[in-house]
Amino acid sequence: MWKKDEETTQATNPKMTDARGGSGSTTRASTGPARTATIGSSITIHGEVTGDEDLLIQGQVDGSVELKEHAVTIGGDGQVTASIHARVVTVEGRVDGDIEAQEQVILRSSSRVEGDITAPRVVLEDGARFRGGVDMGDPTKVPSREDTSSTSRSAKSRTESKTTSSSTSGSSSSSGSKSSSGSTKSKSSGDSSRSTSGTASAAAGS
Amino acid sequence: MGWLDRWMGGGGGAPRATESDKPKNGSTERRSLGVAALFDGVKPSADHAVLDLGQAAEASLEVYGRYARRVRFADLLRDERRRMWSTALEDSVPAQPERPYDLILGWNVLDRLGPEAREPLVGRLADRSAPGARLHVLVDASDATMIRPYRFTVVDVDRVRYDPDGPEEMARPRLLPAEVERLLQPFEVVRAFTSQSGMREYVGIRR
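Same order as they appear, the protein sequences are chains A and B. Going by the numbering used here, 81 is the number at position 81 of the first sequence; the sequence numbering is gapless. Going by the numbering used here, 96 is the number at position 96 of the second sequence; the sequence numbering is gapless.
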């Protein structure tokens with residue numbers, strides 16, 4: 001059973017500073033107002049993910065992701081079979097499900113997305129594979145391309161700065177601000193040594 | 001000076017290619033009278049919906065977004081050989097519960113699909129569109145025995161970019177204009193153009 005007490009923060013661990021969360025752990029930034037939680041590449045979550053900070057998904061999520069005020073990034077190793085609702089959604093990996101963003105959705109060149117997108121701005125990089133619908137709002141109120149591209153650039157730099165400044169937690173841990181209903185499994189650590197089932201939640205960490 | 005230099009406008013009195021005409025990784029941009037006819041007179045509306053049977057591209061989305069709130073990229077030919085046709089059709093052109101499509105860009109799917117799939121596809125498009133909806137398709141009218149698959153991007157209301165999308169394929173038997181009009185029966189073909197590249201563009205209106 002996952003407990004908040006298990007959460008440890010290792011601000012400086014050279015082996016665990018991979019911004020893409022390749023360590024297979026669930027991580028969060030320890031300092032500053034800009035915090036990003038990471039679902040590592042060996043983590044599988046079945047259920048609902050909610051929270052109050054940005055999230056980088058390098059693992060697998062089946063269910064739903066609800067971070068309405070924050071940015072969600074599905075990294076190159078991430079696989080999400082879920083509906084995603086956030087302020088900004090950036091996809092580098094694979095998503096099967098609907099995406100709804102209050103500001104914008106960015107599909108990077110490596111992304112594979114199948115589902116419907118609802119967002120006022122959608123960025124589709126060359127090479128991105130997308131099948132589905134896009135609902136952009138009223139075409140008579142579409143922002144200019146300059147507005148869109150500048151927003152895209154700033155979103156990219158913001159995401160990069162956050163992920164590289166994240167510290168990581170050593171063993172199986174979960175972001176203090178994230179709650180997940182359902183089960184969490186670590187594929188790399190055997191059958192059940194790092195699995196939780198039922199509901200795990202915690203208040204927003206600071 | 002080689003032909004490529006001359007073509008790129010490098011010297012002499014050769015016509016200078018515009019920036020957008022220069023090939024990039026084998027892609028070319030061409031003026032499309034058919035796409036221009038498709039958009040001609042269409043007024044932006046929050047109620048409009050666009051269906052593109054090809055691959056998603058940001059430039060296309062930007063152009064469609066000038067006219068419509070909802071856009072669907074069907075990517076119909078993706079994994080086509082690995083899927084049952086009926087499954088592919090259901091995945092790619094599902095029901096649009098909120099509103100039928102007003103503008104449909106079919107590209108060259110009639111050429112790429114087998115004869116058994118063409119009529120069900122056009123029937124599905126007719127089901128998913130309202131009377132007055134506009135359809136654009138491309139048909140290869142050249143004598144070539146091999147065709148190169150392309151993906152198409154609308155870069156402006158009258159310009160289309162062709163990007164090679166895989167190795168050349170054996171061309172299927174040519175679709176003659178009368179056969180195309182018969183296939184598109186639910187749509188009345190109101191405009192047709194043949195480009196110098198040998199592609200014939202059809203614009204139809206849902207009856």
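If you're looking for bench data, these hints aren't it; they were derived computationally from the structure. Virtual Cβ for every residue (Gly too), placed ideally from N, Cα, C. Watch out, some of these pointers could steer you wrong.
[Unchecked claim] One side only, chain B facing chain A, incomplete, derived with CB under 7 Å: (1) Ala37; (2) Gly41; (3) Val42; (4) Lys43; (5) Glu58; (6) Arg72; (7) Phe73; (8) Asp75.
[Unchecked claim] Negatives, chain B to chain A, calculated, CB over 12 Å: (9) Pro115; (10) Ala144; (11) Met170; (12) Val180; (13) Gly198.
Violated constraints from the hint list, given by number and in increasing order: The structure conflicts with hints 1, 2, 3, 4, although it agrees with all the remaining ones.
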